[in-house]
Each structure stands twice: as C-alpha cells, then as structure tokens.
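Trainee: Based on the sequences and whatever the hints tell you, model everything.
Each chain is listed here by its residues.
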Amino acid sequence: MTVDKDSKQNKRDNELEVRLLRTMMLARAFDSNLPTLYNKGLIQGSSHSAIGQEAVAAGACLALRTEDYVTSTHRGHGHTIAKGADLTRMTAELLGRETGFCRGKGGSMHIADFSVNMLGANGIVGGNFGIAAGAALSLKMRGSDAVVLSFFGEGALNQGAFLETANMAKIWNLPVIFLCENNHFAMSARPEDMLAVGAIVDRAGAVGIPGVEIDGMDVGAVFDAVQAAAARARAGEGPQFIAAECYRFEGHFSGDTMAYRDSAEADLWLERDPIPRQIQRLVSAGVLTTEDVTSMESDVKAMVDEALVQASAAPFPNPQQAWEDVYA
Amino acid sequence: MPEMTYSAALNKALREEMNRDPNVFVMGEDIGVWGDGGGVFSVTKGLLDEFGSQRVLDTPISEEGFVSMGVGAALVGSRPVVEVMYSDFLTLVMDPLVNQAAKMRYMFGGQAKVPLVVRTNLGAAGGKAAQHSQSFETWFMHVPGIKVVVPTTPADAAGLLKTAIRDDNPVLFLEHKLLYFMKGEVPDVIEPIPFGQALIRREGKDVTLVATQVMLQLALKAADQLFEEEGIDVEVIDPRTLVPLDLETILTSVKKTGRCVIAHEAVERAGWAAEIGFEVSLQAFDFLDAPIVRVCSANLPVPYTKDLEAVVIPGLNDIKDGIRAVYQGKQYSRGGRAINE
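So the protein lines, in turn, are chains A and B.
Letter by letter, the first sequence follows residues 1 to 328 of our numbering.
Letter by letter, the second sequence follows residues 1 to 341 of our numbering.
For the record, the hints were derived by calculation from the structure and aren't laboratory data.
Just so you know, not all the hints are guaranteed correct.
Unchecked claim - For each label pair, taking beta carbons as the anchor points, the in silico distance ranges come out as:
| # | chain 1 | residue 1 | chain 2 | residue 2 | range |
| --- | --- | --- | --- | --- | --- |
| 1 | B | LYS255 | A | THR66 | 57 to 63 Å |
| 2 | B | GLU185 | A | SER46 | 50 to 56 Å |
| 3 | B | ASN19 | A | PRO319 | 43 to 49 Å |
| 4 | A | GLU324 | B | LEU282 | 55 to 61 Å |
| 5 | A | GLY205 | B | GLY46 | 35 to 41 Å |
| 6 | B | PRO60 | A | ALA235 | 21 to 27 Å |
| 7 | A | PRO319 | B | GLN54 | 42 to 48 Å |
| 8 | B | ALA310 | A | VAL197 | 47 to 53 Å |
| 9 | B | GLN197 | A | SER312 | 26 to 32 Å |
| 10 | B | GLN197 | A | GLY205 | 51 to 57 Å |
| 11 | A | VAL197 | B | PRO301 | 47 to 53 Å |
| 12 | A | MET258 | B | PRO22 | 49 to 55 Å |
| 13 | B | ALA338 | A | THR66 | 58 to 64 Å |
As the list claims (entries may be wrong) - Listed below are the simulated DSBU-like cross-link pairs for lysine-lysine, each with C-alpha atoms no more than 35 Å apart in a straight line:
| # | chain 1 | residue 1 | chain 2 | residue 2 |
| --- | --- | --- | --- | --- |
| 14 | A | LYS170 | B | LYS255 |
| 15 | B | LYS12 | A | LYS170 |
| 16 | B | LYS183 | B | LYS221 |
| 17 | B | LYS306 | B | LYS255 |
| 18 | B | LYS221 | B | LYS255 |
| 19 | A | LYS11 | A | LYS170 |
| 20 | A | LYS170 | B | LYS256 |
| 21 | B | LYS205 | B | LYS330 |
| 22 | B | LYS113 | B | LYS162 |
By construction, the Cβ of each residue, glycine as well, lies at the ideal position given by its N, Cα and C atoms.
Mentor: Here it is in structure tokens:
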C-alpha cells in the first residue's frame with residue numbers, strides 16, 4: 001500500500017477507530033435484523049445481507065468527505081449507513097413505507113439518499129460503473145474537488161461495462177475510485193472459476209489504472225487505502241482501483257441454503273470477522289473497555305430497533321402515489 | 001426565414017444551448033474532427049473548436065459505457081447530449097437507458113433528476129443493410145420513463161432539440177439519416193417546441209394519415225398525387241413526439257374523416273401503428289367507416305441490395321396503395337409474415 005506515512009491525514013486517531021467500529025456494528029445490526037423482518041412478513045422481494053463485509057463499507061465511507069459521492073450495489077445497506085443515511089428512512093424503505101428514501105418505490109435494492117450524495121444501490125450488477133464515472137466526469141468539468149467511489153463486487157468485473165468505463169475514466173483522468181469488494185461469491189459463482197486473471201487488480205492494470213489489493217476484513221486498512229486513493233484522485237491523478245478481499249458470511253439473499261459453500265472455508269473466514277478484530281485491537285490498546293464494547297453493541301441494537309418502531313408506525317403510500325414522479 | 005439543412009439546424013440549436021447553459025456538453029463517437037469537422041452527419045460540426053475538448057468529448061467505441069456516463073453526469077447536475085452514431089447501436093445501451101435513466105426519478109422516489117438527451121438516427125438510407133438501417137422507436141415507447149422525439153423538418157428538429165436539452169428527464173431524440181441534408185426554413189430565433197403537440201401538415205376531409213420523418217414526406221407527396229389523380233383528400237398528421245403523443249389531434253381528425261392510415265418505417269409487427277390504431281379503434285370506433293390501415297416495413301431484416309431493400313421499406317406507391325385501401329374499405333398489409341408465422 002502506498003500511503004504517505006508522513007501525512008497527518010493518514011493517522012487514524014482513537015476517535016476515528018471507535019467510529020469505524022461503531023459504523024461496522026450498526027451495519028451488522030441492521031443486516032442481522034433482515035431475517036426477522038422477513039419472517040414477520042414485514043419486507044418482501046429481495047434483500048441482500050452484507051454481513052462480513054462491514055469493514056469495506058465503513059472504512060471506505062469514513063475516508064470520504066460528505067460532498068464525495070458513492071454508488072452502491074444490491075448488497076448496499078452497509079454503504080448507505082456508512083455514508084450517513086438516516087436509519088429510520090432506510091428501514092421505512094425496506095418496509096415499503098411512504099417515509100422511506102424512495103417513498104416505497106425502491107425497496108432494499110434501490111435505496112438512495114441524494115442528501116448525503118449516495119447515488120443509489122443498483123439492481124443491475126455493474127450498472128453503476130458508468131454512473132460513477134459519469135458523475136466524476138461532471139465533477140471534473142465543473143471544477144469540483146469532490147470524488148466518486150464506486151462499490152462493486154468481484155462478479156461485476158466480468159461485465160463489459162467495467163472495461164468501457166474504466167478505460168474512459170483513465171483517458172479522461174477522472175476522479176473516481178473503483179472499489180471491488182471481493183466477497184468470494186457471485187451468487188454461487190467463485191472468482192477463481194470466473195475471473196481469467198489471478199489478481200483482481202490486473203483488471204484495472206489492463207487499462208492503466210493503479211490498483212492495490214488490501215485486506216477487506218481490516219477496517220483500518222480499508223480506510224487508509226481509500227483515503228490515499230481519494231487524495232490522489234482529488235489531486236488530479238485520475239482513477240484509482242482497490243481490491244478489498246472480504247467474505248460474504250450469509251447467503252446471496254435470505255433463504256439461500258448455501259449448498260455450494262464449503263463450511264470449513266467459511267469457518268476460516270469467520271475467524272477473520274472484522275468486528276471482533278477491531279474490538280480486540282481497541283480493547284488491547286486500552287482505547288475501549290469490554291464494558292464500552294457491550295454498551296456500543298446495545299446502543300446500535302437500540303438504534304436499529306428504534307428505527308424499526310418508527311418506520312413501522314409510518315403509513316404505506318396511498319395507491320394514488322404510484323402515479324407520482326412520472327413524466328413519460 | 002433562412003433555409004438550412006436539418007443537420008445545420010440541429011447544429012445551431014446545440015450551439016445555442018451550449019452557449020446558454022455551461023452544464024450542457026456533448027459526447028459521442030467521432031463527433032469532434034470526423035468529416036468536415038464534427039460527426040458522421042455533421043451535427044456537431046465546429047463545436048470542438050468553439051467549446052473545446054472539455055465540453056465536446058470524442059469517445060472510444062464504448063456505447064454502453066459512455067451513455068451510462070451520460071446518466072451519471074446528468075444525475076449530479078450536468079446536461080449531457082450523447083450521440084449514438086446509428087440507432088442500431090441502441091441495442092448496446094439498453095441497460096443505461098432502460099434500467100437506469102428511465103427508472104431513476106421514479107425508483108428513487110423523486111430524489112433524482114436525469115436531464116439526459118441521447119441523439120441518434122433511425123431508418124434506411126440506401127444500402128446500409130441490416131445493422132445500420134433499423135427503426136427502433138417503438139421499443140422505447142414501451143418503456144415508461146423515456147420521452148421519444150421524431151422530428152421531420154429542420155425547424156422542428158432545432159426547436160424540439162432545445163426542449164429536449166432543457167427537459168429534466170431522459171429524452172431519446174431520434175433523427176433520420178435521409179433527412180440530415182434536406183433543407184427547410186428555420187426561424188432566426190429558434191424557440192423550444194413543446195413536446196406532445198402534433199401538427200396537421202396537410203388538411204383533408206377523406207382520410208387521416210399519421211406518419212413521421214421519411215414516411216411523412218412520402219405521405220405528403222402521396223396525398224397531393226391522390227388528390228390530383230383520384231380526388232382523394234388526405235389529412236396528414238405529424239405527431240413530432242411519440243412519447244408524449246398528441247392523440248387528441250389524431251382522434252379529432254379521424255372523427256372528421258372516418259378513415260385512418262398509419263405509416264412508419266419500423267417493421268409492421270408490434271410497431272407503433274398498432275398502438276395508435278388500437279387507441280383510434282377504441283376512442284373513435286363509432287366514427288370509423290373502414291378498417292384502420294398501416295403501411296409499415298415488412299417483418300424482415302433490412303437487406304442490402306436496392307430491389308430487396310424496396311421490398312422491406314415502404315415507398316410512395318405503398319403509401320398510395322394504403323390510402324386507396326382505406327378509402328375503399330379494404331384491408332391492407334405489407335408486413336408479409338404474420339405474427340403467427
């Protein structure tokens with residue numbers, strides 16, 4: 001990793017370390033609630049858990065500024081929470097309520113919060129590459145120093161859209177960070193079977209974009225890499241690529257029995273769970289006590305519960321609202 | 001009023017919009033220096049010199065990528081006008097247009113605006129064959145969330161393009177290859193022309209004929225000839241935009257004439273003639289004196305050689321035959337292969 005060790009920006013202070021932990025805990029608590037919501041019949045359609053991948057979402061979004069943009073994926077709750085979206089409005093969207101971010105028209109797969117420059121989850125794998133690069137093009141044209149970060153999974157790398165947009169981002173030197181979350185599963189497909197290159201960063205190298213491979217189970221490593229990439233993109237050094245290796249602890253969506261998964265492999269990854277890892281780091285450094293950790297855990301759970309209570313109290317949209325925001 | 005070509009009128013409207021609003025930019029393949037200085041059909045001629053490479057972007061051959069980038073740029077405040085060299089290549093940009101641009105405002109509950117214009121051209125132009133001659137406008141009429149514009153005259157092309165650029169929603173702006181170098185009067189001051197306002201290009205009392213672009217030009221010629229030769233008086237309507245569609249003007253006309261012909265270059269099977277024909281049969285049923293007639297391309301790919309191309313693409317005589325058929329209360333089809341074949 002090429003982080004400038006002398007730059008003050010790159011030092012993670014204790015307050016930041018705790019915020020990283022707390023953000024991961026919140027994302028975990030949110031996604032941990034999904035099966036309950038399903039079982040109670042409160043949500044329908046598809047909803048994809050990102051449990052195990054919280055370090056990528058938290059590390060990346062906390063390394064960005066508020067005015068920076070992110071584009072997300074179908075597995076995007078963590079990205080949305082980490083970018084600062086309101087938990088109650090997110091929950092309300094999953095519940096299909098009028099007060100949801102998309103007023104009940106998007107659901108889990110299309111959550112967007114434009115007020116925090118989160119340009120939307122996307123139901124089309126790879127659908128956001130061009131949108132991220134296009135947003136970066138617009139920012140550059142208008143002289144903004146904001147950057148765009150595009151989250152995507154390793155499965156999306158096999159969409160032609162990646163090559164097309166990464167190439168244009170490079171020739172036009174756009175401030176976009178391509179952040180690949182290699183969670184080792186595209187539904188049931190494994191990257192070793194589907195990617196012809198051994199190293200994911202080689203895909204970016206093919207269009208001349210510098211890339212780093214990082215431990216996506218280490219929130220600090222993600223933060224440092226994204227902060228460095230954002231600084232380079234902001235300084236006019238063009239697109240950046242980060243491959244964060246992580247692991248999808250749950251199925252593709254609720255109800256996936258994961259017959260295709262080797263449980264011994266999963267057990268090894270569970271040992272690398274980013275949350276206990278950050279807890280251990282902070283407790284052993286004396287930043288937090290175990291009581292602090294317990295209290296944080298109950299805090300975030302209370303936040304998720306409270307969001308659910310408030311969201312559940314909100315009305316469903318009136319059927320007439322199906323005709324709103326229509327123009328053609 | 002000065003006369004200029006359709007291409008020059010589009011160029012003038014683009015230039016004026018780029019001068020008016022710094023957020024407007026153009027991108028596409030070979031739009032900068034190709035030919036006589038901008039685009040295969042010269043629509044972007046001179047813009048690179050005038051506005052520079054920051055606002056006139058020659059793209060790689062990556063249609064999905066650059067249309068998708070247009071969507072992203074529009075989403076955060078730019079007003080991109082993206083050129084797709086031939087409408088046949090719209091097949092490559094279905095995801096950004098259909099799943100992304102058309103959905104965002106609705107799917108995100110009104111948070112998003114996508115002021116994107118995608119310009120391209122429809123139709124056969126003599127020997128361009130199966131992958132450079134198609135008319136896909138109906139596909140996009142089928143997607144809620146995209147406006148579909150089909151200008152015929154230079155003045156309409158210019159005025160409708162201004163409206164498209166100022167629209168906060170995605171607009172598919174469909175030009176026609178054979179129209180680019182046809183001339184017409186264009187006002188000195190190009191005013192935006194509202195979408196959803198059809199024009200009666202020729203008044204008549206016997207038959208209503210709805211057509212766009214090259215078919216519209218043939219329809220006007222056919223109408224003049226049939227009036228002179230056979231005394232059939234045809235009213236010719238140019239919808240100008242297919243989404244939104246000014247159905248009212250069509251219905252009013254059909255209620256007057258009692259007969260309706262719809263002509264389009266897109267293939268007959270499930271083309272937009274079927275949609276308009278259905279609405280007319282539903283809403284003007286009691287006024288119809290004959291079955292509705294459509295004059296459309298045969299249900300075939302467009303072949304290369306001249307005599308075969310003419311089998312597929314309707315010509316002047318086909319439109320005259322269609323008008324005679326409806327006038328005599330007969331059925332007419334040139335689709336050739338029915339939907340169950």
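Trainee: 26 to 32 Å was suggested as the range; check whether the CB atoms of B:GLN197 and A:SER312 agree with it.
Mentor: The hint (26 to 32 Å, Cβ to Cβ) is violated, given that B:GLN197 and A:SER312 are roughly 47 Å apart.
Trainee: Has the given pair, B:LYS12 with A:LYS170, been kept, meaning a C-alpha gap of at most 35 Å?
Mentor: Measuring from Cα to Cα gives roughly 32 Å; hence the hint holds.
Trainee: That 55 to 61 Å hint for A:GLU324 and B:LEU282 (C-beta), does it hold up?
Mentor: Hint violated: Cβ distance 26 Å, outside 55 to 61 Å.
Trainee: How does the Cβ-Cβ distance of A:MET258 and B:PRO22 compare with 49 to 55 Å: does it lie in that range?
Mentor: Holds, since A:MET258 and B:PRO22 (Cβ atoms, about 52 Å apart) stay within the stated range.
Trainee: Determine whether the Cβ-Cβ distance between B:GLN197 and A:GLY205 falls within the hinted range of 51 to 57 Å.
Mentor: holds, 53 Å
Trainee: Would you mind confirming whether the straight-line C-alpha gap from B:LYS306 to B:LYS255 stays at or under 35 Å?
Mentor: violated, 39 Å
Trainee: Can you let me know if the beta-carbon spacing of B:ALA310 and A:VAL197 is within 47 to 53 Å?
Mentor: Distance hint for B:ALA310, A:VAL197 holds at roughly 51 Å.
Trainee: Please test the hint of 42 to 48 Å on the beta carbon pair from A:PRO319 and B:GLN54.
Mentor: holds, 47 Å
Trainee: Does the Cβ-Cβ separation between A:GLY205 and B:GLY46 fall within 35 to 41 Å?
Mentor: holds, 39 Å
Trainee: For the pair supplied as a hint, A:LYS170 and B:LYS255, confirm whether the alpha-carbon distance does not exceed 35 Å.
Mentor: violated, 59 Å
Trainee: Within 58 to 64 Å: is that where the Cβ-Cβ distance between B:ALA338 and A:THR66 falls?
Mentor: holds, 60 Å
Trainee: Decide if the proposed pair is consistent with the structure: B:LYS183 and B:LYS221, CA atoms, cutoff 35 Å inclusive.
Mentor: holds, 16 Å
In this structure, the earlier hints numbered 4, 9, 11, 14, 17 and 20 are contradicted, and the remaining ones agree with it.
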